[in-house]
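Student: Given the coordinates of chain A, assemble chains B and C onto it according to the supplied hints.
Heads up: the protein sequence lines correspond to chains A, B and C, in order.
For the first sequence, the positions run 1 to 459 when my numbering is used.
For the second sequence, the positions run 1 to 222 when my numbering is used.
For the third sequence, the positions run 1 to 341 when my numbering is used.
Quick caveat, the hints were computed from the structure, so don't treat them as lab data.
In this text, a Cβ means the ideal position worked out from N, Cα and C, and glycines have one as well.
Be a bit skeptical, because a hint or two may be false.
Covered stretches of chain B (chain A as the covering partner; in silico rule of three or more C-beta atoms under 8 Å from a C-beta of chain A) [unchecked claim]: (1) 39-49; (2) 55-64; (3) 201-210.
Here are the simulated distance ranges between beta carbons [stated by the list, open to error]: (4) C/N124 to A/S164: 33 to 39 Å; (5) C/A272 to A/Q38: 38 to 44 Å; (6) B/I93 to A/Q347: 26 to 32 Å; (7) A/T376 to B/N205: 32 to 38 Å.
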Amino acid sequence: MNKKFNLSIRNRLLIQLSCVAFAISLCLFLITRIVVLQAITATQDGLLTAAIQSVIDKIYVVENSVSVDLPYDTFSLLGAVGEDRIFYRIDDNGQFLTGYSDFPMPHKFGNIQEPEFSNVEHKGERLRIAATENIVFAMDKRHELRIIIAQSQNFQKSIATKISSNLVLITLFFFMTAILFAFLTANLTIKPIYLFATDVKMRGPNNLRKVSSDVPTELKPLAQSLNEFISRFRSTLRQTETFIAEAAHHIRTPLSVVKSESELALRKSKTPENRERLRTIIKSVDQTNRSASQLLDHAMVLYRAERPETEEFSILYAISEIVTQFKLAADLRDLDLTFSTDASPTQTVNLDRTLFETSVRNLLDNALKYALSETTIIIEFKKTKHNFQLTIKNQYSSAPFLDQKQLYKKFKRGEQTGEIIGSGLGLSIVMEAVSAIGASIEIRKTKGDIVCATLLVPY
Amino acid sequence: MKVLIIEDTQELAKSLRLFLELENNHVECAYDLATASHYISVTHFDIILLDIMLPDGDGRVFLRSVRARNKNIPVIVMTARSEISDRVDLLDIGADDYIIKPFEFVELEARCRAVLRRHSGQDQQALSYGNIILYPLSAMIEFGQEKIPLRNRELRLLEIFCNSPEILFSKEQLTDRLFLISDEVTENAIEVYVGRLRKKLVGSNVTIETVRGIGYRLVKDE
Amino acid sequence: MRYLISTLLIILHINVAVALTIETNHSYGAAKTVSDLRILSSTDIDVFAPVLRAYSALNPAVSITYSTASSSDIYRAVSNAEHDFHLIMSSAMDLQMKLVNDGFAKPVSFLERVNLPDWSHWQNKLYGFSLEPIGMVVSASHFNEGDLPNTRRELVSFLRANQANFSRKIVTYDVTSSGAGFLFATQDARQSNSFWRLAEVMGGLAPHLSCCSGAMLDAVNQGEFLLAYNIIGSYAEKRSRLQKNLRVIYFQDYTHMLLRTVFIPRNVTNTASANDFLTFLLNDVGQNFIEQETDMLSLRSDVLTDNPHYKPIRLDTGLLVYLDRLKRQRFLDEWSSALIQ
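Same shape as in the complex, but just chain A (with noise of 0.2 Å):
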């Protein structure tokens, strides 16, 4: 995989702005350069321009013959600015008449006004020549002046080198600075996809909501097609819901109508006989219909363990509610239930309410399936340091021995519970549910059969 591909578009951003920032850096930097030599040029130029004009003005005629009288001044002005070396030379018609002659004689000339430049290599050193060429007449004899003044460029080398540092400063500060912007360009462009990127990573795997519309333009499709995605999860994940619920009805409603025709025929039966093969009918009914709510319950359980639906609720209540519900059942089996607390209703707790509920349920069913006749049920739920206690303690009609790790096993139910219905899924779903809500569970059993089933839950 290509490296660069793992980059975060920040990064990416802050990379290209730089390079873009450099880039212009570099450009501003010759182009000021570029700039800053022809003007120098230009000094140099109209200062050679200036000295071959004065360098005209004595020209002066002898006789028949043509004589310059060098300004001093002039050259050593030429001179004096960058300690520049000055060559010159002087033709009168093609012939040499004064100056440098072994210096060469450039091709172009210009006139008194507009002096022919270029640069040419003498001597190891560099030189700006300005060339003219001028025409005087002596006794009516034409004479055609070429005049150049060559000097070294150490001045406009040290300007340009000045500048040129003076340059890298100010190019090194806008890059600095346009670095800076590009950091916070970048910052600010990142920033809407990073709170749209918070926004989906902060609400969990199991918050099915619609993302916030309100994202830039560009972020738009994605989130309309995260939406979308979530909108088909939501209605799939409503299907299994829906499938497991489906499944329950069409499994129990046969049953029950077997179970209501059976205990009919019970209630009309005489013998011994037929009343217990009833009987013998109804309870299969009934293991019948246990093991395949056991097995729809707990695949809900396991589906819902996936993905729990959080919400605050008073745990208080909750459990108030439950134990108010398994009253009749109770009464039915001549069971006291009795349910204590030292908590306030008040006191939330903030998980999946159906897995919690669950839980409390098949707790509160087991306890009530192997219960002895006639006893109480203590129900505590108690508010601790660290979490919520609920426990429940029953009397065993026949205390099985508890291995804690056998206790869970699906289909393995504990020994001698004798007659007593059951898939021995019901600790198991427990279990899951207990689990997947954070909580943890604890069986224990106590002197004189007496088994406490205690659920902790963090706040």
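Tutor: Relative to the frame of chain A, chains B and C by itself:
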């Protein structure tokens, strides 16, 4: 007592009807919501047993519309759905109680009784026979200056006798009405409860009389 | 006129190869067959010897040869690259300037930081190391104290008033043969138009033209001549201590200061000894020594600040102008017509 059963599974509806009629109730069956709506618009019912999934709609929608019309009829929902999904919202939308199919008649009877008691409030009628008064809600009998608490099954047994005094009940009849089939009881278990009741009734002018080979009945002392 | 042409030929080195004529040779420091530091100079040994002795005392292991020659000989030798000297010293600033401009010098890299006035050097090649005012020397016995002129204008008036006394009694450089004389005269001409008036006046008095300052000073001292114009101050001061009749006058309208200059020629391969000597010569130790122990003035001499009319001859490319063939010809023509009447 007039009961409306709204249930699309006709076999179940019929057996429920037979059972309830055994208990001297007047029962109507509706196999869909349209029929049910018709019934409750023309007749008064003491209680409605409502199935959730019906051919022409959702029982919960029906329940909501009944409650919206301020009908204060006790409603027990019979549901065959998953135990986890439905419970809470059934109560939220106005069911007085629910019962999960398949259920035992004893449980249905108990729930009906409980719901009806809640609806009639504190001024529920006490049952009396001879010099005893039975308070089902507080599970007490009173005679003379004495108030004696009863356990649940004792109360249920005495309730059966008081509702039909001097009527003879077979052991089987009493067992079927007192115990759940899932409870592991023998046919003789009823004798234990009869024995306990007799002890608690000592000092009153009623007795549970044993009719050998047939069953028991409640009689006043002459 | 023969003089003039030959000088021209030498200066413009038109194909005439004449061997370098060494006038004197002096050695300092350790005796070696080949000296470590060879200096070619136009400065008399008498003037420069203290500096060499001082340097040698600090660096006894270095053997030094100091050779003197005329400034025009030096120019020719260097421009033909026919020498093996490490340092070229000359009082002819214009010739030195031309040599450096034409590329015969090497950049100097000092061994330590030296603090020099900007006007005293050109690029990092040609360095002035001493200042000497150019003045007039008179025979004191022939002047009344109050008659001594302080400016060239006064001199002109004085000479006009005393034509009889000064006829054939004035001596000055023959600019056609003396490089230093040419420099002084051209700088005079450049500085002020009064020079040509003075030249005319002196020309009317049939001046004697001499090649060398030593001879001029001897003659003035003996009263053979009463006035010598454009004499290097250091010579005159030195002589005046022994020859009591000599009186040095520095004009107040302006007094040019000669800058003796030195450079390392291009063909020197090992510049170490030359760099070392230049560092000594130009740093505070060397400059203080020149100021205090020689007849020359240092570059930072107080004389400059005390006397605003003392003007160092500017070390710049203007010096090239009078070396131009036509310009020089024109100047010499005018000078000759003024002085040789």
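Student: Run every hint past the structure and note whether it holds.
Tutor: Taking the hints in turn, this is what the structure says about them:
Evaluation of the coverage hint for the stretch 39-49 of chain B: breached, as 0 residues show C-beta separations to chain A shorter than 8 Å, against a requirement of three. Taking a C-beta to C-beta cut-off of 8 Å, the stretch 55-64 of chain B contributes 0 residues in contact with chain A, too few for the three needed, and the coverage statement is violated. Counting residues of the stretch 201-210 of chain B whose beta carbon lies closer than 8 Å to any beta carbon of chain A gives 0, which falls short of the minimum of three for the stated coverage. A beta carbon spacing of about 21 Å between C/N124 and A/S164 contradicts the range 33 to 39 Å that was offered as a hint.
For C/A272 and A/Q38, the Cβ-Cβ distance of about 42 Å falls inside the hinted range of 38 to 44 Å, so the restraint holds. Evaluation of the 26 to 32 Å hint for B/I93 and A/Q347 yields a pass: the beta carbon distance comes to about 27 Å. One distance hint, 32 to 38 Å for the beta-carbon pair A/T376 and B/N205, holds here, with the actual separation near 33 Å.
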